[in-house]
Structures are given as structure tokens and as C-alpha cells.
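Residue numbers (my numbering), protein chains in the order written: chain A, 1 to 235; chain B, 1 to 235.
Misleading hints may appear alongside valid ones.
To be verified - Simulated pairs of lysine to aspartate or glutamate, EDC-like, Cα-Cα distance not exceeding 20 angstroms:
#1 B:Lys85 to A:Asp103
#2 A:Lys125 to A:Glu91
#3 A:Lys57 to A:Glu12
#4 A:Lys179 to A:Glu150
#5 A:Lys57 to A:Asp41
#6 B:Lys170 to B:Asp192
#7 A:Lys135 to B:Glu167
#8 B:Lys135 to A:Asp192
#9 B:Lys58 to B:Asp35
#10 B:Lys116 to B:Glu12
#11 A:Lys116 to A:Asp35
#12 A:Lys85 to B:Asp35
#13 B:Lys57 to B:Glu12
#14 B:Lys71 to B:Asp35
#15 B:Lys125 to B:Glu19
#16 B:Lys135 to A:Glu190
#17 A:Lys135 to B:Asp192
#18 A:Lys135 to A:Asp48
#19 B:Lys104 to B:Glu149
#20 B:Lys85 to A:Glu95
#21 B:Lys135 to A:Glu95
#22 A:Lys135 to A:Asp103
#23 B:Lys71 to B:Asp3
#24 B:Lys116 to B:Glu167
#25 A:Lys85 to A:Asp117
#26 A:Lys135 to B:Glu190
#27 A:Lys85 to B:Glu88
#28 A:Lys116 to A:Asp157
#29 A:Lys104 to A:Asp41
#30 B:Lys85 to B:Asp35
If you are wondering where the hints come from, they were derived from the structure by calculation, not from laboratory data.
2 protein chains.
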Amino acid sequence: MSDTLFYSPTIEQDRMLPETESHHCVKVLRKQPGDAITVTDGQGVFYDCSLVDAHPKKCMVQIHGILKQPKSWPIRLHVAFAPTKQMERNEWFVEKATEIGVDKFVPMRCGFSERKDLKQERLNKIMVSAMKQSKQAVLPQLTPISSFEEVILTPFDGRKFIAHCYETEKQPLAQTYRKGENVLVLIGPEGDFTPEEVNQATQNGFESVNLGTNRLRTETACLVALHTIHVINHL
Amino acid sequence: MSDTLFYSPTIEQDRMLPETESHHCVKVLRKQPGDAITVTDGQGVFYDCSLVDAHPKKCMVQIHGILKQPKSWPIRLHVAFAPTKQMERNEWFVEKATEIGVDKFVPMRCGFSERKDLKQERLNKIMVSAMKQSKQAVLPQLTPISSFEEVILTPFDGRKFIAHCYETEKQPLAQTYRKGENVLVLIGPEGDFTPEEVNQATQNGFESVNLGTNRLRTETACLVALHTIHVINHL
Numbered sequence: 001m002s003d004t005l006f007y008s009p010t011i012e013q014d015r016m017l018p019e020t021e022s023h024h025c026v027k028v029l030r031k032q033p034g035d036a037i038t039v040t041d042g043q044g045v046f047y048d049c050s051l052v053d054a055h056p057k058k059c060m061v062q063i064h065g066i067l068k069q070p071k072s073w074p075i076r077l078h079v080a081f082a083p084t085k086q087m088e089r090n091e092w093f094v095e096k097a098t099e100i101g102v103d104k105f106v107p108m109r110c111g112f113s114e115r116k117d118l119k120q121e122r123l124n125k126i127m128v129s130a131m132k133q134s135k136q137a138v139l140p141q142l143t144p145i146s147s148f149e150e151v152i153l154t155p156f157d158g159r160k161f162i163a164h165c166y167e168t169e170k171q172p173l174a175q176t177y178r179k180g181e182n183v184l185v186l187i188g189p190e191g192d193f194t195p196e197e198v199n200q201a202t203q204n205g206f207e208s209v210n211l212g213t214n215r216l217r218t219e220t221a222c223l224v225a226l227h228t229i230h231v232i233n234h235l
Numbered sequence: 001m002s003d004t005l006f007y008s009p010t011i012e013q014d015r016m017l018p019e020t021e022s023h024h025c026v027k028v029l030r031k032q033p034g035d036a037i038t039v040t041d042g043q044g045v046f047y048d049c050s051l052v053d054a055h056p057k058k059c060m061v062q063i064h065g066i067l068k069q070p071k072s073w074p075i076r077l078h079v080a081f082a083p084t085k086q087m088e089r090n091e092w093f094v095e096k097a098t099e100i101g102v103d104k105f106v107p108m109r110c111g112f113s114e115r116k117d118l119k120q121e122r123l124n125k126i127m128v129s130a131m132k133q134s135k136q137a138v139l140p141q142l143t144p145i146s147s148f149e150e151v152i153l154t155p156f157d158g159r160k161f162i163a164h165c166y167e168t169e170k171q172p173l174a175q176t177y178r179k180g181e182n183v184l185v186l187i188g189p190e191g192d193f194t195p196e197e198v199n200q201a202t203q204n205g206f207e208s209v210n211l212g213t214n215r216l217r218t219e220t221a222c223l224v225a226l227h228t229i230h231v232i233n234h235l
């Protein structure tokens, strides 16, 4: 496997790199025909390739070998979060979460949300570059932003948690979660969930959890929740 | 405890807020004499105060109550890291690590380091604001940047780990670390430690660990290592 990784979801069908990847390959890295490169489809497969046509917009490659590399965690790990007002905080969370491993990002609009919409394209670019940088072959999913209600009413086959700061009966996530369980965890906006949202979630099978005693920023709480699940599954 | 927290390491002696805190209190938050504020000394104590003199550069307060709040983790947790080239990545790591909890940051110069120096002042500001934001009363320590040799030769009373990407015998940190142990963990630069550095560390009592299978950026590895320790101590 060569050191630079490229992303092409359609590599198996068209043997081609998308425009941005082609540009990076030819204009930035100056790859020449015959050079070896590795391409992932973002669906669990690495393709050992050689460059055939070093076209700056549509590189053509030849596939020499296929290496299946499923994700490194055994469960489905979904995080639904209220994007923060400062876009860069959402961006770093998405980068870091992709590096440590997550299956699905579910941005949601909450009662106290300061940000009601989200540009997906830039976040997708960050996910792709974080996947490549961390040498993974699976790209997480990013759903369009949806309402809190949609999120809690969507069926999920696994444990469902809501992390909030209200003084209700809460278990520490690290203590209640059991290795091997699928997880959907909800993280609220800067101003937390509304009490009504917490009730709705509880009535829909979500368990209240805390992530420790320190008050965490939204994006920190998201990352902490994901990594807590990874650690338990790693024990 | 009022919602806005201020930092004054000398509050007990001089009943005064430092210049930046005074400015924030008077010019930004428009606090008036008589208003209640909470101040921490960064050494484990919250002071319930009222504003006496709303001076924009040296606020004077009166102390009405004292609340001791030790840190929320039971061990000494030190991270020695090679600062990344991009300063913003160091800044967010310091912010996030302060939020989730750390006792000491030890920046170090390694063989493959792309950054040989570090402006401490800005990182200290970030630590203070993260401590206040996460409602803690203990400010982590940030040592001046030192050489790799100094770091591994400094005595430490606890487990000493080095996280690297070489194919040597390594334990997953989550599996080898035991609840209650003090920890010093070393995280290398973008280009990893040199093989010699790994040998030196091993000869000085550092155990080689991995942080999972994904290749993590330096700043992500730092945060993942710290949170792994927190999760184990939380079980």
C-alpha cells in the first residue's frame, strides 16, 4: 500500500479519480503515469493501483490488487448533535470523530440551537481527508440536518442515550454502556436540550447519561462520548 | 455560585482580579459594584464574591464564601507532546485537554519535530478560559518546551507510556493501564518519534502502547490518550 491514499467512491466501476483527487494527485503530488497509488472507495476496500492517464481532472488508473479493510470497531456508532454556532468547532469535531471512528453523523436542530443549518459539502471534504489521513477505508455517513423530533422518532437498533446537564437521574455513559452494543448518542447545543426535549427523548427510549463531572463544550462532549464507546469496546 | 467564573491566582491575598479579567468583568459583562461573581484561584478553590470597585483594570472584590473543589480525577495525569507545526492544532488540543482534565502539559522537542518552540502565553490564556468554561477550579500546568531527553530522564512516580507507530511489541493503552495509577504518556510529532527515541524511552522505563488501529494526528492522539485514562478511572 503506497503512503498517499486517494478517494474514489466509483473506482471499481470507472477506474477514475474524481476531479479534486485527480488535481491533488497530478498537480500537487506530481504523480506520473506508472506511479503506484492506493485508492479507497470509502466502503471498506483499498485498491492498489498504478496511474495510467495523469489527467489533472480525471486521472485514470489500473487496479492491481484489492485489500478489504472493514472498520476497526465492532458496532454501529451514531452521534446526533446540535451543530455549534462557530462552524470551525463543528469542523474539528467531524475531523476528529472521523479519525477515531464513527459510523454516522446526524446533525439536528434543537430548541436552543444557535445554528439551524449546516453546509454539508465542506464537512464531507473534511471527512474524506480525515479518513485518508487516518488510513481508513470506510467513510462515515453525514445526514442532512433534521429536527430533534425526526431524530428521536427514527428507529435505531441499539442503546439510545441522551447526554444533558439537568439534575435528573443519570448514569455515567462509561458505566452503563456494555461492550458490543450499537449506540446512538444525542449531544445538545451550547444551551443544552430543553427540558421538553429531554422528556420526549426519555419517553422514546433514550437513557439519560453524563460524560463526567466537568461541563464540556458541545463538540468536546461529542468526541468524549464517541471515544468512551471505543474504549469500552477496546477493553 | 454565579454563572460567570473569573480567574485570579492571588484572590485570597489581594481580593483583586487581574487586568484581563477585570476588563472582561467591567467592560464586557458590565458588572456593577454589589454584583455577585465567582472567582477561582486555579488551585482548587471557588470564592463567592461581590464586586466592590468595578475598576476596568483592577476590580476589587469582597469574599463571602469559599468552596473547595478539587479536580474530578483521582490520579496525576501528565502528557508530554511534540507540538504540531500548525499552532491552531496545539491550541485546540490544550483547550480540549483542559476541558476533559489534565494535570500537566509537557511540550517537547523531538528528532522529527517540525516545531521547536512554543508561545506559552497564548496557550495559558486558552487553558484559563477552558478551565472557566468547564467550571473547574484547578488550572493545569504548562511547562516550558524541553528536549525529549530531559522529559524521559525526569523522574515520574507512576506508569510511563510512549505511543508510537513502529511495529514493536505494544499493548493497547486501554488494556494495560490500571485504574488509579498515575500516568505520563508521550505523544510524538507528525513524523513519529525516531527509532532511537523509542529505544531511549524504553530503556528508561517507558512502555510502548498503541491507541487503537487508526493512524491518529498528534493532537488527536494526545486527546485520545488522556480520555482513555479518564474512562478507565471512571469505570
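Against the structure, the hints come out as follows:
no. : hint                 : in the structure
1   : B:Lys85 to A:Asp103  : 30 angstroms, violated
2   : A:Lys125 to A:Glu91  : 10 angstroms, holds
3   : A:Lys57 to A:Glu12   : 18 angstroms, holds
4   : A:Lys179 to A:Glu150 : 27 angstroms, violated
5   : A:Lys57 to A:Asp41   : 18 angstroms, holds
6   : B:Lys170 to B:Asp192 : 15 angstroms, holds
7   : A:Lys135 to B:Glu167 : 16 angstroms, holds
8   : B:Lys135 to A:Asp192 : 15 angstroms, holds
9   : B:Lys58 to B:Asp35   : 16 angstroms, holds
10  : B:Lys116 to B:Glu12  : 37 angstroms, violated
11  : A:Lys116 to A:Asp35  : 45 angstroms, violated
12  : A:Lys85 to B:Asp35   : 29 angstroms, violated
13  : B:Lys57 to B:Glu12   : 18 angstroms, holds
14  : B:Lys71 to B:Asp35   : 27 angstroms, violated
15  : B:Lys125 to B:Glu19  : 13 angstroms, holds
16  : B:Lys135 to A:Glu190 : 14 angstroms, holds
17  : A:Lys135 to B:Asp192 : 15 angstroms, holds
18  : A:Lys135 to A:Asp48  : 14 angstroms, holds
19  : B:Lys104 to B:Glu149 : 18 angstroms, holds
20  : B:Lys85 to A:Glu95   : 17 angstroms, holds
21  : B:Lys135 to A:Glu95  : 26 angstroms, violated
22  : A:Lys135 to A:Asp103 : 16 angstroms, holds
23  : B:Lys71 to B:Asp3    : 19 angstroms, holds
24  : B:Lys116 to B:Glu167 : 27 angstroms, violated
25  : A:Lys85 to A:Asp117  : 10 angstroms, holds
26  : A:Lys135 to B:Glu190 : 14 angstroms, holds
27  : A:Lys85 to B:Glu88   : 19 angstroms, holds
28  : A:Lys116 to A:Asp157 : 27 angstroms, violated
29  : A:Lys104 to A:Asp41  : 17 angstroms, holds
30  : B:Lys85 to B:Asp35   : 44 angstroms, violated
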